[in-house]
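Protein chains in written order, with our numbering: chain Y, 1 to 189; chain E, 1 to 189.
Possibly wrong hints are sitting among the right ones.
A pair counts as met if it fits within one copy or between any two copies, since identical chains are not told apart.
20 Å max Cα-Cα, derived SDA-like pairs, lysine to any residue [stated by the list, open to error]:
(1) LYS21 with GLN90
(2) LYS21 with GLU112
(3) LYS21 with SER82
(4) LYS21 with ILE177
(5) LYS21 with SER44
(6) LYS21 with VAL91
(7) LYS21 with ALA3
(8) LYS21 with LEU134
(9) LYS21 with HIS117
(10) LYS21 with VAL85
(11) LYS21 with ARG83
(12) LYS21 with ARG48
(13) LYS21 with GLU58
(14) LYS21 with LEU34
(15) LYS21 with PRO75
Simulated from the structure, these hints should not be mistaken for laboratory data.
2 protein chains.
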Amino acid sequence: MHALRERILHDGRNLGRGILKVDSFLNHQVDPLLIDDCGRELASRFRRVGATKVLTAEISGIAPAVTTALHLRVPLVYARRSRPVTMPDQVLLTVAPSHTRGQMVELIVSPEYLLPHDRVLIVDDFLATGQTILGLARLAQAAGAAVVGVGAVIEKSFEGGREALTRLEVPVESLAIVTDMSGGRIVVA
Amino acid sequence: MHALRERILHDGRNLGRGILKVDSFLNHQVDPLLIDDCGRELASRFRRVGATKVLTAEISGIAPAVTTALHLRVPLVYARRSRPVTMPDQVLLTVAPSHTRGQMVELIVSPEYLLPHDRVLIVDDFLATGQTILGLARLAQAAGAAVVGVGAVIEKSFEGGREALTRLEVPVESLAIVTDMSGGRIVVA
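If we strip away everything but chain Y, and leave its shape as in the complex, we get:
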C-alpha cells in the first residue's frame, strides 16, 4: 500500500497527543479510489479465513468496511453508538473507551445480523489501543459468532493495540503502520 503510505506522509497531520488527522482522505473527506484499494487489499489478505460478515463501528470505519465487504462479497454490519428506532428492544451492547472522544461509548448491534454461524472479519479505520476492536469482538462473541480476523487501514504501533488483540488469536493486518509521532513527526514503517 505504497499509495496509502504516501498519502499519510503528504496529507496526514500530527495534532499531538497521538492524534493523526487524516480527514482529507479517510475520516471526513474520503478518497473513494484509495479506500477502494484499501478494501481490495484487506479482502485479499483475508481471502482464506472464510469470513461471512464484515463488522465495523460507525462512523469512520464504514467507508473502508464497505469496500472490504464489496471485494469479499459478504455483508457488512456497522455497530451503532445509539439504538435507532428501527432496532429491536433486545440488542447486543458493549462499551469501549473512545480514544478521540475521551469517554466511554456504546457499541450496539442488532442480534438479527450477527448469528452463531457467522465468521466475522473486524475492519476499522484505525488500530490504536485496540479497545474499539475488542469491543466489536465482544459483540461478535456475544452473538455466538467466531472472530476470524482484524483488519485496519492505519495502525499506530506505539499505542499497543496489536498486543491487546493477541488474546483474540486471529490474524491482524494493517495497511500502514505509523511507528512514531513524537516531536511532531509522522513516521510510517
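Put chain E on the given structure of chain Y with help from the hints.
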C-alpha cells in the same frame, strides 16, 4: 433498480409512523453489492452534472455515498453530527430536524473540504421530508459551492421531500419510490 425494489418489498419492514426499516441491507447491515449497484446507477444518472464532490450526512448516508463517489471518481465528504477533535475551530454548521430521532441534529463540515469552486452532488439513503438534504445544501452554499444534484436510494414520496427540494432548482433522483405505507403496506412505485 429492480433488485432494490424487490429487496424493499421482501426485506423492508413497515414499523408504522412512516418508518421503513431497511436495516438488513442499507442502514445497519449493508449489502455491498446492492449498494454498489445503487452507487453505479446514481453516478450514471448524474454523470453530466459535473460534480466535483459527493456530500452526505453520517451515518447511514455514508455507504451509498461511498459507492456513488467511487463510480464518479470524486471525493466524498460526510457531514458530522458532532465536531471531532481533528476539525478546525471554525466550521460550517447547520441544524436539521431528524425524522427518526425526533429532535434537531447538527450537521457539521470542515471548510477545508467544501470549496467555492466545488460542484456538489448530495447523496443520502432516504429522501423523506428533505430536511437533512436541505441542511446539506445550506452547508454547500455557505462554502460558496454550487449544489448540482440530489440523489437518494429510497424516496418516501408521501412525506413531501421532493416538493421541499424544488427551491434548489437541481435534478433530484431516487432509485426506488415508496408511495404508500398506510395500513401496514409497503407500496413501491
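Checked hints:
1. In this assembly of identical chains, the alpha carbons of LYS21 and GLN90 lie at most 20 Å apart only when taken from different copies (16 Å versus 36 Å within one copy).
2. Taking the closest pair of Cα atoms, LYS21 and GLU112 come within 20 Å of each other only across two copies (13 Å); inside a single copy the shortest separation is 35 Å, beyond that limit.
3. Taking CA atoms no more than 20 Å apart as the test, LYS21 paired with SER82 passes between copies only; the shortest distance there is 16 Å, against 25 Å inside one copy.
4. With identical chains, the CA atoms of LYS21 and ILE177 are at most 20 Å apart within one copy only, with a shortest distance of 15 Å there and 39 Å across copies.
5. For a Cα distance limit of 20 Å, the shortest separation of LYS21 from SER44 qualifies neither inside one copy, at 27 Å, nor across copies, at 33 Å.
6. Taking the closest pair of Cα atoms, LYS21 and VAL91 come within 20 Å of each other only across two copies (16 Å); inside a single copy the shortest separation is 33 Å, beyond that limit.
7. For the homomeric pair LYS21 and ALA3, the shortest alpha-carbon distance inside one copy (17 Å) is at most 20 Å, but the shortest distance between copies (39 Å) is not.
8. Taking the closest pair of Cα atoms, LYS21 and LEU134 never come within 20 Å of each other, the shortest separation being 23 Å inside a single copy and 29 Å across copies.
9. Taking identical chains as interchangeable, the C-alpha atoms of LYS21 and HIS117 are never at most 20 Å apart, the minima being 37 Å within one chain and 24 Å between chains.
10. For the identical chains of this complex, LYS21 and VAL85 are inter-copy neighbours only, at 9 Å across copies versus 33 Å inside a copy, given an alpha-carbon limit of 20 Å.
11. Taking the shortest Cα distances, LYS21 and ARG83 sit within 20 Å of each other only across copies (13 Å), while inside one copy they are farther apart (28 Å).
12. Taking the closest pair of Cα atoms, LYS21 and ARG48 never come within 20 Å of each other, the shortest separation being 33 Å inside a single copy and 33 Å across copies.
13. In the homo-oligomer, the alpha carbons of LYS21 and GLU58 lie at most 20 Å apart both inside one protomer (17 Å) and across protomers (18 Å), since each shortest distance falls under that limit.
14. Proximity of LYS21 and LEU34 under a CA criterion of 20 Å is satisfied intra-copy only: 16 Å inside one chain copy versus 31 Å between copies.
15. For the homomeric pair LYS21 and PRO75, the shortest alpha-carbon distance between copies (17 Å) is at most 20 Å, but the shortest distance inside one copy (29 Å) is not.
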